[in-house]
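The whole structure should be built from the sequences, with the hints applied where relevant.
Just so you know, we're using the working numbering here: the sequence shown kicks off at -7 and counts up by one.
Treat each hint with caution, since some may be false.
What the hints assert, rightly or not - Cβ-Cβ distance ranges computed for the label pairs, FRET-style: (1) C79 to K55: 33 to 43 Å; (2) P82 to A47: 29 to 39 Å; (3) P31 to G84: 33 to 43 Å; (4) R(-5) to T54: 14 to 24 Å.
Keep in mind the hints are simulated off the structure, nothing from the lab.
Virtual Cβ for every residue (Gly too), placed ideally from N, Cα, C.
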Amino acid sequence: QMRDYMPPLRLLCGRLGPDDFFQTYGVRLRTPEQRLDDPDAPEQARELLIALALARGFMTATKGGPDESRAARIVLKDLVNAKLLHCAPPPGAASSRGGGGGGGGGGGRVRKEPAAP
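Dropping the structure here:
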């Protein structure tokens, strides 16, 4: 059971941009430039949760505000189920590519198998 949903969503919002959330959920988030103009704006993760909760009609029973925890569960579930896609190369993959004499011994040659008749 997850108690605090904000740290994973902050990390996700740091890695994905507002356009990624618009393509998946159809909610518009402020760009970083627009954020600088409004000092009272909530952080991007909270803004995403509020916008998604309002768009889907998720309201809390007690105060009638947007149900951020329910929206957070949906976003994290979509990330796990690859509806919301974030791909990154493994650490060190960019540095090991290319020709840098990486000690393979074969000089970068690949043995070609004969074609089947």
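Consistency of the hints with the structure:
1. C79 to K55: 33 to 43 Å: 38 Å, holds
2. P82 to A47: 29 to 39 Å: Because 35 Å falls inside the window, the suggested range holds.
3. P31 to G84: 33 to 43 Å: Holds - the Cβ-Cβ distance for P31 and G84, about 40 Å, lies within 33 to 43 Å.
4. R(-5) to T54: 14 to 24 Å: Since the Cβ atoms of R(-5) and T54 sit about 18 Å apart, the hinted range of 14 to 24 Å holds.
Of the numbered hints listed earlier, not one is contradicted by the structure.
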